[in-house]
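Throw the hints in and build the complete structure from the sequences for me.
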Amino acid sequence: MSNDYLIDRNGKKYEVVIGLEVHAQVLSESKLFSTSPTKFGSEPNTQVSLVDAAFPGMLPVINEFCIKQAIKTGIGLNAKINNKSIFDRKNYFYADLPQGYQISQYKDPIVGEGSVVLDLASGSKTVGIERLHLEQDAGKSIHDIDPKNTLVDLNRSGVALMEIVSKPDLRSPEEVNVYIKKLRSIMRYLGTCDGNMQEGSLRADVNVSVRKQGDDKYGTRCEIKNVNSIKFMQMAIEHEANRQVDILEEGGKIDQETRLFDTKKNETRSMRSKEDAHDYRYFPDPDLLPLEFSNEYVESIKKEIPELPDQKKSRFIEKFNLSPYEANILVSDLDTSKYFEAVIENSDVKLSSNWITGELFALLNEKNLEITSSPISAKNLSKLINLIKDGTISGKIAKTVFEMMAEGDKNPIDIVKEKGLKQQSDPKELEKLIEKVINENQDKVKEYKSGKEKLFGFFVGQAMKVSGGKANPQLVNEILKMKLK
Amino acid sequence: MSNIIDLSLSELVSNIKNKKISSNEATSAYVERSKKSKNLNTYNEETFETALKKANEFDSKPDFNKKLPGVPIAVKDLFCTKNIKTTASSKILNNFIPTYESTVTQNLWNDGSILLGKLNCDEFAMGSSNETSYFGNVTSPIDKDLVPGGSSGGSASALAAKLTPATIGTDTGGSIRQPASFTGTVGLKPTYGSCSRYGIVAFASSLDQAGPMTRNVKDSALLLEVMSSFDNKDSTSVDFKRPMYSKDLSKDIKGKKIGIPKEYRVDGMSEEIEKLWEDGKKYLKDCGAEIIDISLPHTKFALPTYYIVAPAEASSNLARYDGVKYGFRTEGDNLIDMYEKTRSAGFGDEVKRRIMIGTYVLSSGYYDAYYLKAQKVRRLIKNDFSNVFQKVDAILTPSTPSSAFKIGEKSNDPVSMYLNDIFTVPVNLAGLPGISIPAGLDKKGYPLGLQIIGKSFDEQNILNIAYSMEDKINFKFNLKEWWMNE
Numbered sequence: 004m005s006n007d008y009l010i011d012r013n014g015k016k017y018e019v020v021i022g023l024e025v026h027a028q029v030l031s032e033s034k035l036f037s038t039s040p041t042k043f044g045s046e047p048n049t050q051v052s053l054v055d056a057a058f059p060g061m062l063p064v065i066n067e068f069c070i071k072q073a074i075k076t077g078i079g080l081n082a083k084i085n086n087k088s089i090f091d092r093k094n095y096f097y098a099d100l101p102q103g104y105q106i107s108q109y110k111d112p113i114v115g116e117g118s119v120v121l122d123l124a125s126g127s128k129t130v131g132i133e134r135l136h137l138e139q140d141a142g143k144s145i146h147d148i149d150p151k152n153t154l155v156d157l158n159r160s161g162v163a164l165m166e167i168v169s170k171p172d173l174r175s176p177e178e179v180n181v182y183i184k185k186l187r188s189i190m191r192y193l194g195t196c197d198g199n200m201q202e203g204s205l206r207a208d209v210n211v212s213v214r215k216q217g218d219d220k221y222g223t224r225c226e227i228k229n230v231n232s233i234k235f236m237q238m239a240i241e242h243e244a245n246r247q248v249d250i251l252e253e254g255g256k257i258d259q260e261t262r263l264f265d266t267k268k269n270e271t272r273s274m275r276s277k278e279d280a281h282d283y284r285y286f287p288d289p290d291l292l293p294l295e296f297s298n299e300y301v302e303s304i305k306k307e308i309p310e311l312p313d314q315k316k317s318r319f320i321e322k323f324n325l326s327p328y329e330a331n332i333l334v335s336d337l338d339t340s341k342y343f344e345a346v347i348e349n350s351d352v353k354l355s356s357n358w359i360t361g362e363l364f365a366l367l368n369e370k371n372l373e374i375t376s377s378p379i380s381a382k383n384l385s386k387l388i389n390l391i392k393d394g395t396i397s398g399k400i401a402k403t404v405f406e407m408m409a410e411g412d413k414n415p416i417d418i419v420k421e422k423g424l425k426q427q428s429d430p431k432e433l434e435k436l437i438e439k440v441i442n443e444n445q446d447k448v449k450e451y452k453s454g455k456e457k458l459f460g461f462f463v464g465q466a467m468k469v470s471g472g473k474a475n476p477q478l479v480n481e482i483l484k485m486k487l488k
Numbered sequence: 199m200s201n202i203i204d205l206s207l208s209e210l211v212s213n214i215k216n217k218k219i220s221s222n223e224a225t226s227a228y229v230e231r232s233k234k235s236k237n238l239n240t241y242n243e244e245t246f247e248t249a250l251k252k253a254n255e256f257d258s259k260p261d262f263n264k265k266l267p268g269v270p271i272a273v274k275d276l277f278c279t280k281n282i283k284t285t286a287s288s289k290i291l292n293n294f295i296p297t298y299e300s301t302v303t304q305n306l307w308n309d310g311s312i313l314l315g316k317l318n319c320d321e322f323a324m325g326s327s328n329e330t331s332y333f334g335n336v337t338s339p340i341d342k343d344l345v346p347g348g349s350s351g352g353s354a355s356a357l358a359a360k361l362t363p364a365t366i367g368t369d370t371g372g373s374i375r376q377p378a379s380f381t382g383t384v385g386l387k388p389t390y391g392s393c394s395r396y397g398i399v400a401f402a403s404s405l406d407q408a409g410p411m412t413r414n415v416k417d418s419a420l421l422l423e424v425m426s427s428f429d430n431k432d433s434t435s436v437d438f439k440r441p442m443y444s445k446d447l448s449k450d451i452k453g454k455k456i457g458i459p460k461e462y463r464v465d466g467m468s469e470e471i472e473k474l475w476e477d478g479k480k481y482l483k484d485c486g487a488e489i490i491d492i493s494l495p496h497t498k499f500a501l502p503t504y505y506i507v508a509p510a511e512a513s514s515n516l517a518r519y520d521g522v523k524y525g526f527r528t529e530g531d532n533l534i535d536m537y538e539k540t541r542s543a544g545f546g547d548e549v550k551r552r553i554m555i556g557t558y559v560l561s562s563g564y565y566d567a568y569y570l571k572a573q574k575v576r577r578l579i580k581n582d583f584s585n586v587f588q589k590v591d592a593i594l595t596p597s598t599p600s601s602a603f604k605i606g607e608k609s610n611d612p613v614s615m616y617l618n619d620i621f622t623v624p625v626n627l628a629g630l631p632g633i634s635i636p637a638g639l640d641k642k643g644y645p646l647g648l649q650i651i652g653k654s655f656d657e658q659n660i661l662n663i664a665y666s667m668e669d670k671i672n673f674k675f676n677l678k679e680w681w682m683n684e
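Protein chains in written order, with our numbering: chain A, 4 to 488; chain B, 199 to 684.
It is worth saying that the hints were derived from the structure and are not from the lab. Check each hint, because a few of them may be wrong.
To be verified - As a list, the in silico DSBU-like pairs of lysine-lysine whose alpha-carbon atoms are at most 35 Å apart: (1) A/Lys87 with B/Lys498; (2) B/Lys574 with A/Lys110; (3) B/Lys523 with A/Lys71; (4) A/Lys277 with B/Lys550; (5) A/Lys87 with A/Lys71; (6) A/Lys151 with B/Lys550; (7) A/Lys42 with B/Lys523; (8) A/Lys425 with A/Lys413; (9) B/Lys431 with A/Lys143; (10) B/Lys670 with B/Lys483; (11) B/Lys653 with B/Lys454; (12) B/Lys539 with A/Lys228; (13) A/Lys110 with B/Lys498; (14) A/Lys305 with B/Lys431; (15) A/Lys128 with A/Lys315; (16) A/Lys322 with A/Lys402; (17) B/Lys289 with B/Lys678; (18) A/Lys399 with A/Lys447; (19) A/Lys228 with B/Lys523; (20) A/Lys87 with B/Lys589; (21) A/Lys457 with A/Lys486; (22) A/Lys93 with B/Lys571; (23) A/Lys185 with A/Lys234; (24) B/Lys523 with A/Lys110; (25) B/Lys449 with B/Lys641; (26) A/Lys93 with B/Lys283; (27) A/Lys83 with B/Lys580; (28) B/Lys217 with B/Lys259; (29) B/Lys580 with A/Lys93; (30) B/Lys674 with A/Lys277; (31) A/Lys277 with B/Lys574; (32) A/Lys83 with B/Lys653; (33) B/Lys289 with A/Lys93; (34) B/Lys479 with B/Lys439; (35) B/Lys523 with B/Lys431; (36) B/Lys439 with A/Lys151; (37) A/Lys87 with B/Lys571; (38) B/Lys642 with B/Lys674; (39) A/Lys306 with B/Lys431; (40) B/Lys431 with A/Lys42.
What follows is the structure in structure tokens.
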């Protein structure tokens, strides 16, 4: 497939190669190895057990629900589920890492290779998944409350994360955008991660390298640590790729290193070089047995997997004759697709799709609301669409009704009745109305008849105006044409 | 009636059940004796007042259905005890008071037992002589310049000096069996997974196991019965049907096949040990058991393997003692400085030595040559045992290559110290149960022990063998109470 994101420098074109390590917080009531709750935004150090704080003699006990969530996600990524995996200790010292090691999976992750399909403007593209493994989150160090001390909040310590590692298959900031959104969509469908980037439930380490267009060897990569929004990922990639191209163009070479993205200055900074890389001294955690489960267990979980975005998209295209573009918009968010399916239960599909992706999305956007807290229920939107479909109101009036509905989810049938907005479709009434318009505008009639046919729109407009917008536009057209002959 | 302190655990229990002795009388007797025995330096923390209070509470509302009704007991200071200082004999935990109780000690209290205090041990259970403790070395009641062994040295010393009717220790490479052997007492390391590790300060997670230390085999059976339980708070705890070890104890070992591993006849082994072993075989034959020569070919690799695996795990397990959350802290200019100062001052030399060895063997570039290799050898050692257990029911070996050594004799020679564990370490690596019973005295009059190694979860079998040998051996040691002050 063609890739149009290339960096042009001195007539040479550079391709950008990107791989992501996404850290997705597992949606779970309790932590990976303890029974502490995981509620976001709680008072500091209130969601902490003796295990999370690494008291002497405390031992980790695996939370089976988190295992199930990881398997589900693996299935959603079309990935190989490993019936035997191992928890390792990743050893390093930090104030917010109470054990002095993070329990993670190193050589034997729970999920192996898989893939994700991206819908891009240029067509679809498959991105490889290298692996998914489970690990504990660390706590949080807070440096800006006390001038002399660092404070530590262990609420997050021990929370389960899935690290989803992609292959270096992404080629542009836009592809990264679509990839993250797709991952998030899959995990939300599965209920395995809420994908909330503001709350840190989804963050990523971004690996970036560049190479001349046409080269088949990858360049040396740099890893940009812990970027927590798609926008920042895109900015970081753009900056980092250009930085690398500049170095190469000046005849330099890229050092493999870990970098940080400074969101204020919009630049990446070196954090540590490969030589300074931590020696994490990984080894299997002797407090935990290897994680083993049967094929039957995986099969039983497969039965719980709901229809995923790709399948839903195909169904929408086939069954409802939607365009791939429309279908994509409707399925990318599980709640939107649910809303859509609720509306079309009793209404026209095409109109429903248009109204949801048009008026409703605009309204939600304006009010900064999620579709789950939409001021207009699916039931009432469905009624509005039926009023349009059966000719009770025109599309234009429908927009007015829609606005009124937005103020407290009113029933559109009641609004139409109360405000007398029913479309005027009685030909005799319309004829009278149109005759009045013609009589009052004889000069324009003359002009029209002498060839100024553009004036037809003027008559339609006048008729609509006189009717207060309620006249059936189709009938107005027909009658006008007849009368102006 | 004989003195309360001369009764075995089982005898004390039946006397309490028969209302011949009250919990208060028993507890008072041990408290008094412990108070007069400070010269041994066995206690890190004494809870005598609370113990007496609890004894009175028990007496006012006795429950004789408990297995250890109102029985006072002192435990190794590696078990976390709720609201009572728990230090692992380390400066770094010198001020640590847990808000929780280890599963094993909880099992003791649930069955009616009362805590007398926390017993000294090697720092973080790293040592074979109880000389690495931050609170000073422990002296053996056997003789005034002798080590009690380690790491459960305080436990062994207190038990042998009759400061507690029984005690519990932990055994990572011999820390129950070696001090038992040095002090003429019985020490049992159960199968890995039998006793929960929850709430025990970790040394090497894949090897650590708690076990009973008692005056006789029957007491060990009783105490194991109370200690051992399946615990879902420890992922390595094993859910198997636990026998009633004391009830099922039997001296009938007729027809049992006992293996004698030729590799345990090490270079320079003394004639005394040789004779002890021969006598052991004879006793077993007298009991109707069959003696079979066996081979455990990878035995010579056990010690080096152990001294890679145990320090590797320890280096990681001890990372949590960093001065951030609890325990001792030395302030520093920044986080790294604080870590370095805290850990430099908080850990003793032996602990530092093992942290450094462990860090080294896990480092990139060395991992494959050391840690990974050690794991492979560990597998071979396990296989050795599985193979011979096709042919024999248990294995008889000496517990240690010599009797107790003098205080200070080996403290500057870690390798010679490590060699003490040569017969006990393979059992931990294989996760098997092993029991050391007193079997005789050397020329100096110091106790020597024999070890019986069993199949996984076959504690009943080695207890039965030990029980029948105990009768034949009829071990006697004339304890001179040289350490007591009036």
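Okay, the hints, checked on the actual structure:
no. : hint                   : result
1   : A/Lys87 with B/Lys498  : 32 Å, holds
2   : B/Lys574 with A/Lys110 : 17 Å, holds
3   : B/Lys523 with A/Lys71  : 32 Å, holds
4   : A/Lys277 with B/Lys550 : 28 Å, holds
5   : A/Lys87 with A/Lys71   : 14 Å, holds
6   : A/Lys151 with B/Lys550 : 30 Å, holds
7   : A/Lys42 with B/Lys523  : 22 Å, holds
8   : A/Lys425 with A/Lys413 : 16 Å, holds
9   : B/Lys431 with A/Lys143 : 26 Å, holds
10  : B/Lys670 with B/Lys483 : 11 Å, holds
11  : B/Lys653 with B/Lys454 : 13 Å, holds
12  : B/Lys539 with A/Lys228 : 30 Å, holds
13  : A/Lys110 with B/Lys498 : 31 Å, holds
14  : A/Lys305 with B/Lys431 : 29 Å, holds
15  : A/Lys128 with A/Lys315 : 18 Å, holds
16  : A/Lys322 with A/Lys402 : 28 Å, holds
17  : B/Lys289 with B/Lys678 : 33 Å, holds
18  : A/Lys399 with A/Lys447 : 26 Å, holds
19  : A/Lys228 with B/Lys523 : 27 Å, holds
20  : A/Lys87 with B/Lys589  : 33 Å, holds
21  : A/Lys457 with A/Lys486 : 16 Å, holds
22  : A/Lys93 with B/Lys571  : 20 Å, holds
23  : A/Lys185 with A/Lys234 : 15 Å, holds
24  : B/Lys523 with A/Lys110 : 31 Å, holds
25  : B/Lys449 with B/Lys641 : 30 Å, holds
26  : A/Lys93 with B/Lys283  : 30 Å, holds
27  : A/Lys83 with B/Lys580  : 33 Å, holds
28  : B/Lys217 with B/Lys259 : 13 Å, holds
29  : B/Lys580 with A/Lys93  : 27 Å, holds
30  : B/Lys674 with A/Lys277 : 65 Å, violated
31  : A/Lys277 with B/Lys574 : 31 Å, holds
32  : A/Lys83 with B/Lys653  : 38 Å, violated
33  : B/Lys289 with A/Lys93  : 26 Å, holds
34  : B/Lys479 with B/Lys439 : 31 Å, holds
35  : B/Lys523 with B/Lys431 : 22 Å, holds
36  : B/Lys439 with A/Lys151 : 56 Å, violated
37  : A/Lys87 with B/Lys571  : 22 Å, holds
38  : B/Lys642 with B/Lys674 : 15 Å, holds
39  : A/Lys306 with B/Lys431 : 31 Å, holds
40  : B/Lys431 with A/Lys42  : 23 Å, holds
In the structure shown, a violation is registered for the earlier hints numbered 30, 32 and 36, in ascending order.
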